[in-house]
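A.B. asks: Chain residues, written in single-letter form:
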Amino acid sequence: MQREAILEQVIKMVAEVVECEPSEITPNASLPDELGIDSLMGLEVLVMVERFFGIKLGEEQLHLMTTPERITDLVIGNKEAVAA
Amino acid sequence: MNLAGKNYIVTGGSRGLGKSIVSVLAEHGCNVLFTYLNSKEEAKQFADQLALTASGKIVPYRADVSNPEGAAATIETAIAEFGGLNGIVNNAGITKDGAFFKMSRSDWSSVIDTNLNGVFYLSQAYLQKAVRGGGKIVNMSSVSGVKGMKGQANYCASKGGLIALTKSLALEYARFNIQINAIAPGYIETDMVDHMESKTKDLLTKDIPLRRLGAPREVANMTAFLLSDLCEYLTGQTIIIDGGLTV
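Respectively, the protein sequence lines represent chains A and B.
Numbering follows numbering that gives the first Met the number 0, with no gaps: position 37 of the first sequence is 36.
Numbering follows numbering that gives the first Met the number 0, with no gaps: position 33 of the second sequence is 32.
Treat the hints loosely; a few may be bogus.
[Said to hold, decoys possible] No more than 25 Å apart at the CA atoms, straight line, and that leaves these computed lysine-lysine pairs for BS3-like:
1) K55/A x K128/B
2) K146/B x K205/B
3) K149/B x K101/B
4) K200/B x K95/B
5) K128/B x K78/A
6) K149/B x K95/B
[Unchecked claim] Which chain B residues face chain A? A few, computed with CB under 10 Å, are given here:
7) R131
8) E171
9) Y172
10) R174
11) F175
12) T189
13) V192
Worth flagging that the hints you see were computed from the coordinates, not collected in a lab.
Beta carbons are placed, not taken as given, at the ideal position from N, Cα and C, and that holds for glycine.
Please take these sequences and the hints and turn them into a complete structure.
C.D. replies: Printed below as a string of structure tokens:
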């Protein structure tokens, strides 16, 4: 899966959690500050991401999930780590 | 009701209501880890006796869930034993009754520690695991948490707190498909009531519209129902089983 496709999927998931249209979310939108994602919503995004991409991020990565771009980095990093 | 092969923890499972809950879950073919604190022999005998007929695994486990380490270890042990966990029953509870004006801090704290903080620790440890696959929590409250009882300020506060905790957690974790409910039993025929004089029991039953004490099994059956596949659209509720006492 290409980076753009992963980012698009991440944005869809974030949009589902904050109940808005994906088009309203930019790749660098701050999850807590611009989208109002609190820790519980963050956990919801994390579980959705783990489930969709078949990866295990763990709650300790929550503080790194600051924007859709950063989440995409984590997904790609995790997939690469697993592949290696 | 299909519970066979499901995995549960029941705290305070060697005596009273907890024992009945473990028995009913075992009859349904569940794997059950039940905690006990002091009654080691009693717990072992009970588990051995259940093992004669149970198709699931029954594991007695000594744990003090009123501290975070004991709670976390309980969750980890159950997952290691069963390979997963479908739900927990926060049943462990104690009473230290007495008039409020002379209630000691230790009597207050020990009841809150076991009955309320213990639920916080075990539920938090469980929910960290359950967010990925859903699950169920049943909290054992009491009619003392629904209405006030003289001489039970600590117990009432802990059980009332449990009802509020149930509602709050239900809202937080519904998005993860985790259902969290409470049961508030009234006067049930447990060891505590057994030790009462018959005159006292008569006085108790006089106030109960159904004119009898409840059987532990009646509470255990409700617990099994709340954990089962028949109950998938109920969360944040407190089911009062009291023969109509609080109506």
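A.B. asks: Next, verify each hint and record whether it holds.
C.D. replies: Consistency of the hints with the structure:
1. K55/A x K128/B: 12 Å, holds
2. K146/B x K205/B: 18 Å, holds
3. K149/B x K101/B: 13 Å, holds
4. K200/B x K95/B: Given pair K200/B, K95/B holds - Cα atoms ~20 Å apart, limit 25 Å.
5. K128/B x K78/A: 22 Å, holds
6. K149/B x K95/B: 12 Å, holds
7. R131: R131/B check passes; min Cβ-Cβ to chain A is 6 Å, inside 10 Å.
8. E171: 6 Å, holds
9. Y172: Since chain A brings a Cβ to about 9 Å from Y172/B, closer than 10 Å, the hint holds.
10. R174: Where the cut-off is 10 Å and the nearest Cβ of chain A is about 5 Å from R174/B, the hint holds.
11. F175: For F175/B, the interface hint holds, since the closest Cβ of chain A sits about 7 Å away, which is under 10 Å.
12. T189: At 37 Å from the nearest chain A Cβ, T189/B fails the 10 Å test, so the hint is violated.
13. V192: Not OK, violated: V192/B not within 10 Å of chain A, min 41 Å.
The structure shown violates the earlier hints numbered 12 and 13.
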